[in-house]
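Protein chains in written order, with the numbering used here: chain A, 17 to 479; chain B, 3 to 308.
The set of hints was computed from the structure by calculation and includes no laboratory data. All values derive from a computational prediction rather than experimental measurement. Here a beta-carbon is modelled for each residue, glycine too, at the ideal position from N, C-alpha and C. Treat the hints with care, as some may be off.
Cβ pair distances, simulated, as ranges [claimed, not checked]: (1) B/E153 with A/D24: 49 to 59 Å; (2) B/S137 with A/V458: 39 to 49 Å; (3) B/R152 with A/L442: 38 to 48 Å; (4) B/M218 with A/K18: 54 to 64 Å; (5) B/V302 with A/D24: 28 to 38 Å.
Examples of chain A residues lying across from chain B (beta carbon under 8 Å, computed) [as the list claims (entries may be wrong)]: (6) I34; (7) E375; (8) S385.
What follows is the residue order along each chain.
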Amino acid sequence: MKLYDVTDLAFRNLRESIFRNSLTTIGISVGVASLVAMLSLGIGLQQLASQRLEKSGLFDTVVASSKRDMRNFREAREEGPTPADSPSMDEAARRKIEQINGVVEAYPDIRFVTELRFDQKPHLTMVAGVPFSAKNNNDAFDGMQGRFFSSESSPEVILQKSFAEELLGMAPKQGIDDRNIADLAKPLVGKELTMRYAERTTSPSSGSSSSETGAPQGAAEGSAYSVVSREQSLKIVGVTDLDPDSMRGAARARVFLPLKLLQALHVMPESRDASANGTPTYGSLSVRVANPNQVPAVEDAIKKMGFSAFSLVDATKSVRQFFAVLDGFLAIFGSLALAVASIGIVNTLVMAILERRREIGIMKALGASDADVRGLFFAEAGAMGLVGGALGVTMGWVIGRLINFGTNIYLARQHFPPAQIWSVPLWLVLGAVGFSLLVSLVSGLYPAARAARLDPVQALRYE
Amino acid sequence: MKESLCENRNGAHDKLCARLAFISLMVEGNCSVGRSSWVARCDRLSVAAHICGGVGIPHFVRDHRFVMETNQLNSLAIRTENVRRHYTMGETVVRAVDGISIDVRAGEFVALLGASGSGKSSLLNLVAGLDRPTSGAVVVHGNNLAALSRESLAKYRLHTVGMVFQSFNLIASMTLLENVELPLRFAEVDRGERSGLARQSLERVGLGGRLSHRPMELSGGEQQRASLARALINRPKLLLADEPTGNLDSRTGTEIMELIRNINQTLGMTVLMVTHEQALAEKYAGRMLHLADGKLVEDVQLGAIR
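In isolation and in its complexed conformation, chain B is listed as follows:
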């Protein structure tokens, strides 16, 4: 699988090829996101998909990134093993997450659903490396987050995770460009390179003309798109979204969800999204995890791989 996409023509592989073809069509149909490396990647995916239809895969598409991404599709991205997160408030113990075990494969789009206080945001924070479990393990791409030092956890957040929040969490005193550049500063990317990358990222989400605007000068949808651009700037493996449409009207919310779905499908990026809107989850996610009182109560697969 790692070496060649089309040598092994078993059923699983055919399914993958069909999926790639679907993604490429989707992407080609939605390349309004920008003329960037995404487009190049879309092209490669479409080439791969068509070739998988019969002719065979040329060598140039077997570049490392492509192979890695396709390889990721079947590997485990997130595994939580009986993870618990208990807080003490005075004399009361709050069991925010209470023994959840889940596996999320790379490239999956998983929605975490549940009422307020069900523990979905707490679980997301554990996967994001913002919080540490009271017990159990959170393993992301082979790294047990509970065992990482504070420094390594910060590096994990910087390089492996991209986060989108309900309240956008853009820094008000910075322009959009500076906001998107911020993770690159933490990653010690050179100044000259940084600006170009941030610009490209904003252009991809359709904010090329708003680079020097401050967040307060933009609509909610635009702010969330900028937040997405910032989340993706360091090319993370996971996109974690905490109620990304919670502060948006339905039309803007749909725009954002389409964008997230594109990211999931074109880049093969694993998406874990917290929402309380079941309809939204059903429309965009491939899998729904229902939580209640810190426990997993239902795991619904919506499609083979979406």
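In isolation and in its complexed conformation, chain A is listed as follows:
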């Protein structure tokens, strides 16, 4: 029989027992729906976690530093030059690192504790430099109130939520802090605060404000410098809920300034050491890599230059492994319903054989081959699988959306930003329909073989 005829007869037969076949098809679709819903949530969570992790800079960043700072740590067993011979992490080294293939940018980590005056009151806190590129690739600034820095070195400041509360004289809350940052930002954005800091200068100079000449201290290789106390007024432009650097170190900064501005201010302690030519050196560099896959290569290149480098790229592997296992479990649970549905297909088709025993006998008497009869039952199983699969994907999509919707209502109540915890990629749609078809065809194997083997004489006698 031609494929068209097999399909035509299969759909005709399915229509004849529409109620029973619909129930079986619904059974399949429920199975597919549970599979799709489970996997869409698994994939959604994985994507959400990956995005967060990628934006956190954890997995695309290599932290490079000079080994000189580790002179006292004898246990550090790294290849390359000894700490004493390690080159200084200065501007030349930074540029060189930036030239490494795959590196997007390399910027110094500048953070220090200093005093900020707001409304005539001093507040001591950790200040950190934020590169201008963080505007787009750091999710900490996604949900901020106000705006990001207007330029690379504008005298502007973004406050962390808890520091904003401190400035407004609010007591820090215990447990979940459900204060709305919009309410915090309103009285603060546009106002000015003053940062007091110590500037390191190579030659004595008179400060623009109340200046205080510092005595040279800790000069390396004979170079002298002085420390001048300075003030910098900053305009508050935004309040952010998260700490953009929270995942990178224990020292949580609460006030963020443009990195270029901080570099220009030459804030003490700029370095614990100085390079041979007297130019300032950096404690460490954050090296951002275009693709997490390139992190090991970049790490190696930095190490070859004689610096110490580390990254958390291995952690990504663990995360991926975790999600692979999670997806596997979700798929198994989702497939259980489909397995039950496949038994339904076998049952329906075996019933159909009993009911249509005589019809099969007639077809064989008229010249239908075993392959024709087998093909017919196969096509019926396949049709139920295909229709059930398509219906199931739709149902799974709706269920996934509902779970996502419900979760977001819950998140909103807990004052968390909305999140897309559900995703149905095209491969899942096609894969689910294909899997449903495959399961149905496998379920149809036994009934189809049984129908094909039917003895026509016996079948024709059947009433």
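Given the coordinates of chain A, work out where chain B should sit on it, guided by the hints.
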């Protein structure tokens, strides 16, 4: 014989010519079955028959189909050689067919008679290729059915055999047209061609106006006519009928028998019919085979060739 009908004017040939003339008259008298290729064939037969009366046969009637059909008339259609079909029911062996040897020539109309359980339907099933013999051979047009694979046996049923059953065996969920089309689907005939052929076939048996009716909407006689149309759709060489009038009243039964006889006579199709009505067999068949307990007990020739 294969090349020319009238070159050899011996007695057997004269008999054939007389037979052809008879068939043509019968057909011309009964062309109510439809204006189809049958009619064309009737015309050719009548031309052949008249020509055989004296003038000589023109070339155009020596087309392949005609020559093949006339050739078939004397060839062997069915031969069973000591065929047996035994079933085991529990510990009992049922000898449904027990060593039957018969020869049926092409174009014969043979009735299988016997009481219930005599083995006539079992023998018919063996000839139909629906069942395989326990031992012995069933040879149809040179093919030993016992040696055929399941696939080849299905092809044999599709192209060589047309079957009519007592209970009509039309598929209830299909219209008459779809029922008649079914063997064409198995034969992989194109969709466009299929519908026309099925329509023609139904028109021939007088059901042109019932194409879209379902079997349950028709009388028994109409259902059996549709079943005949379905049996003939693939132009088989054998028509096997299992109690074709068993579920019909006598008037409708007669109609069906007339139709079967026409098919036998006009198309030269071999007919093997199972019946338990001796009168019916005597009226329509050319030969009667009486079976009892799976054995052939009597072979009665009712006419030279009918």
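The hints, checked one at a time:
1. B/E153 with A/D24: 49 to 59 Å: Between B/E153 and A/D24, where Cβ atoms are some 22 Å apart, the hint is violated.
2. B/S137 with A/V458: 39 to 49 Å: Taking Cβ atoms as reference, B/S137 and A/V458 lie about 40 Å apart, which means the hint holds.
3. B/R152 with A/L442: 38 to 48 Å: holds, 43 Å
4. B/M218 with A/K18: 54 to 64 Å: violated, 28 Å
5. B/V302 with A/D24: 28 to 38 Å: violated, 48 Å
6. I34: violated, 12 Å
7. E375: holds, 6 Å
8. S385: holds, 4 Å
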